[in-house]
Amino acid sequence: MAVYILKRLGLALITLWILSMIIFWVGQQLPGDPGRTILGNLATPAGVAALDHKLGVDRPIVTQYTDWVTKLAHGDMGSSYSFQAPIRPFITSALENSLKLALVAFFMCVPLAIVSGVIAALKSGEWVDRAISVFGLSLLGLPEFVSGVFLIMIFGIWLNVLPVGATPPAGADPFTQVFHLILPAIAIACVLFGYIMRMARAGTIEALNSDYTRTAVLKGLPTKTVVRRHVLRNALLPTITVVATQVGYLIGGLLVVEYLFHYNGIGSLTFKAAQAKDFPLLESTVLTIGVVYLVATLIADITYTLLNPRLRLGGDT
Amino acid sequence: MHRDPKKLDQLRVGRSELENHVIDEFVAGRLSRREFLRRGSIIGLSIPALGATVSACGGANSSPTSSSAPSGVPKAGAKLRIAGVVPTSAINPAQIYDEGGLTMIQQTGEYLSFNDPKTNILKPMLATGFKPNADASVWTYTLRPGVTFNDGRPMTADDVVYSFKQNTDPKVYVDAASVFNGVLTNDGVKKIDDQTVEFNLEAPNGNFSYLISSDNYNMIIVPNGTDYAKWQKTFVGTGPFKLTSYQANSGATFAPNPNWWGGNVLPAELQHIFYPTQQPQITALQGGDVDIVNLIVPAGAEGVLNNPDYTLLDTKSSQHRELSMRCDKPPWDNKLVRQAMALSLNRPEIAQALFKGYAQLGNDNPFAPFFRSTDTTVAQRVQDLTKAKQLLTQAGLPNGFTTDLYTEDYQEIKNYAQIIKQAAQAIGININLHIDTQATYYKDHWLSGIMSLVDYGHRGVPNVVLTATLAKGGAWNAAHFADSQYDALVKQYVAALDLSTQKQIAGQIETLLLDETPWICAYYFDSLSVCKKTIGGVVTTGMGQIFLSGAGPITA
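Just so you know, the sequences run in chain order C and R.
Counting in the working numbering, the first sequence tops out at residue 317, every number present.
Counting in the working numbering, the second sequence tops out at residue 556, every number present.
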């Protein structure tokens, strides 16, 4: 197991290195330059050139990249061009915000989706199954920006019972923070619900149709026990993996939701950095998201391995 | 109107020739009350002196005031939440140029004088008065006594001189360079004594007082020796608020400055919240998350326009777009072709379509309708397709031609460019549109495109646009227009102190530009902000600044 984890970590580092080069190169292709963005469109070319020189963006791209990587290796993310302040606090704050939103969305969606999937499977072919499946698929086809706008209109403006902005006032208590995150979390849950529910339903149906379930039933075990001990344990393995891989999306892939609900998460910080051609900030945010995705995937793989005795013991899958 | 000659005589004592001339013009009825207040403020007559003169002439002795539209008395102690845009870069007062940045610096920073957006009249701020010499080449400012910065230091002439020297430093890029170029150099700012500062200009300039007022948003006064690059850590200034916290990515909070020279500050706290675009700002206002949205455009704000729950703060401004045509390249080197293009546009329809009517018509010159020196007797250019086609025939282009138009993807410009394309098509001009990001457009096409459509922000007087965009060799002369008669007229206009002279020269410039048409300006659009109907005392400017020291919940 330790070798497996070390191998995965090594691959993750290589992936991050490649990602850093890609994002550095892509960043260079964006139109405009940092000096122009900071000083404005009407700034003189001489003023822009002087600032570009001060920032070091007029150096060869390889020099800029190696300089940045060297600093990063020493734990220094550098300073943001546009904010003219150290990057680390921006990343920390944005990541913290994203984690909060991800947690609320996770606990709002995952239990409900799994339970719904299992119920649909147990009532397979009945109206309950059809209702849950159609509901889940409908939500799956509804993009966040559509559901988000509806949620804002209905609960934020017409009924005025929930805040339209996800950012709570400074110094807000945890309850208030969660209160502000309800609407964006629902928008995210709408997308994930259908996906996770379908996985849970399919896994449960497969488990219900398996030989070991039939054997358990024929042994005369009560249905509840069969479902709890034999069906769910096997049925939810792929679902758990899917949920774990969605953690990356929940933290780093919510730009639309963050934008719509005015939330300063890592997604919107990345967007701002790209708009401003703020290379150090852009690279740091993308790498942070990359780390989140890799860690989430690693956890998913490890969880799957731990829960699946065949993998854990090195057997055939 | 009952006059008090004795009082008027007393008021004239000790006044300069120019000040007495303005008083005479008012007494003789050649200046309206508003014009008198404006001209008087330009040449340095104090507000009490202006009020006393109006009173002596039988008018009410009242100072010019500005306030937002809602009536009622704002209450103290409120916590106001203002939606604004994210500042583009660090808050460096000498370098900020964007809406987010300029709104931030004026929360704690102040100017020598304030251009009242409702009257276009200068009001004292950190200077209690100012006087030009006879030819307006030297301006002397008297500073307000007893002003302290929000860190406790007293404000003196040294601070004012330092602030101006920093903003005219030729060695570093400063945003105000566009205003001071050809007007004021680093050596032209001198301290006379602790309360007096003198500006020796490069050339006479009748509107100089506007050029260093709140219209020049960079020109807040900071303490002597301030490192502008680190200003955002302290937000040190003399204004009604002081910084509580600033988070570059999300917002800023301000508390009242108890030592403000202006007296009590009504709000207990200001919370500026940064949004990336207008849509979430409007949503936040509708959802009750904010009280005020500073600066909106009508498109996308339908939910709050003409809605009785909200008050629209409509300030006339000189924000406009310039569609320049290269006067040095065919076919635009023929003024008949340029005139034809200008005649193809239906300006009232454009203003309605793009701004739902919150705009004034432009007449292809830099004189916005709300400038007092604008000669409004010059006929407004109107759409005339028949004449446009005739002009093209006269120019030897009866079958029209194909050309390129370069512009930027910014605010309404993309839609405006489409309208221009359609209008041109009606007279046989086929335009290939090139709509780029702002970065690409400004870098590659702005000043070189055969046709170029660009955005210009608000300015309180037309001086910068007159010189930079149209004078020979002007830094922003995208039309490559060169006309010695125009240059001479602009020089005269800039030097003129007297309104009637300014107006007379403005008329000549407007007529000349209507004939030459180096660029087309179809509209000047208003600066719009919106707040809850229960909030009053909000003062916004055409520049996009928002002054909130007197704002709060209103009681009828």
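Everything labelled a hint here was simulated from the structure, so no lab data went into it.
We treat Cβ as the ideally placed atom computed from N, Cα and C, and that holds for glycine.
It cannot be assumed that every hint is accurate.
[Said to hold, decoys possible] Straight-line distance between alpha carbons at most 27 Å, and here's what the computed DSSO-like set of lysine-lysine pairs gives:
1) R:443 with C:71
2) C:54 with R:165
3) R:233 with C:71
4) C:54 with R:230
5) C:54 with R:79
6) R:443 with C:54
[Claimed, not checked] A few chain R residues that don't get close to chain C, going by computed Cβ distances all over 12 Å:
7) 11
8) 162
9) 165
10) 195
11) 223
12) 280
13) 284
14) 303
15) 328
16) 380
17) 394
18) 426
19) 501
20) 515
21) 534
[Stated by the list, open to error] A few chain C positions that, by computed beta-carbon distances, are all more than 10 Å from chain R:
22) 4
23) 40
24) 142
25) 308
For each hint, the structure was consulted:
Between residue 443 of chain R and residue 71 of chain C the alpha-carbon distance is near 31 Å, which puts this suggested pair outside the 27 Å criterion. Pair hint residue 54 of chain C plus residue 165 of chain R holds up; C-alpha atoms about 22 Å apart against a cutoff of 27 Å. For a cut-off of 27 Å, the pair hint linking residue 233 of chain R to residue 71 of chain C stands: about 25 Å separates their Cα positions. Only pairs whose Cα atoms come within 27 Å are accepted, and residue 54 of chain C paired with residue 230 of chain R is accepted, the gap being roughly 16 Å.
A distance of roughly 40 Å separates the Cα atoms of residue 54 of chain C and residue 79 of chain R; the hinted pair therefore is violated under the 27 Å criterion. Restraint check: the Cα-Cα separation between residue 443 of chain R and residue 54 of chain C comes to about 20 Å, which is no more than 27 Å; the hinted pair holds. Non-interface status of residue 11 of chain R relative to chain C is upheld: no Cβ of that chain comes within 12 Å, the nearest being about 43 Å off. Distance check on residue 162 of chain R: its Cβ is at least 21 Å (rounded) from any Cβ of chain C, clearing the 12 Å threshold; non-interface status holds.
Annotated as non-interface, residue 165 of chain R keeps its C-beta farther than 12 Å from every C-beta of chain C; the closest such distance is 18 Å. The non-interface label for residue 195 of chain R is consistent with chain C: the shortest C-beta to C-beta separation is roughly 34 Å, beyond 12 Å. The beta carbon of residue 223 of chain R is kept farther than 12 Å from every beta carbon of chain C, the shortest such distance being approximately 20 Å. The claim that residue 280 of chain R lies off the interface is violated: its Cβ sits roughly 5 Å from the closest Cβ of chain C, which falls inside the 12 Å cut-off.
At the 12 Å boundary, the C-beta of residue 284 of chain R falls inside the reach of chain C, the nearest C-beta of that chain being 5 Å off. The claim that residue 303 of chain R is not at the interface with chain C is violated, since a C-beta of that chain comes within 12 Å of its own (minimum 9 Å). At roughly 21 Å from the closest C-beta of chain C, the C-beta of residue 328 of chain R stays outside 12 Å, upholding its exclusion from the interface. For residue 380 of chain R, the requirement that its beta carbon stay farther than 12 Å from each beta carbon of chain C is met, with the minimum near 29 Å.
Listed as a non-interface residue, residue 394 of chain R keeps its Cβ farther than 12 Å from every Cβ of chain C; the least gap is roughly 37 Å. Distance to chain C confirms residue 426 of chain R as a non-interface residue, since its nearest Cβ pair spans about 31 Å, more than 12 Å. Separation of residue 501 of chain R from chain C is adequate, the least Cβ-Cβ distance of about 30 Å exceeding the 12 Å criterion. The beta carbon of residue 515 of chain R sits about 28 Å from the closest Cβ of chain C, which is more than 12 Å, so the claim that it is off the interface holds.
A cut-off of 12 Å between C-beta atoms confirms that residue 534 of chain R is not in contact with chain C; the least separation is 15 Å. Distance check on residue 4 of chain C: its Cβ is at least 39 Å (rounded) from any Cβ of chain R, clearing the 10 Å threshold; non-interface status holds. The claim that residue 40 of chain C is not at the interface with chain R is violated, since a C-beta of that chain comes within 10 Å of its own (minimum 4 Å). Every CB of chain R is more than 10 Å from the CB of residue 142 of chain C (nearest about 19 Å), matching its label as outside the interface.
Under the 10 Å C-beta cut-off, the non-interface status given to residue 308 of chain C relative to chain R holds; the minimum distance is some 43 Å.
Hints 1, 5, 12, 13, 14, 23 from the list above are not met by this structure, while the remaining hints are.
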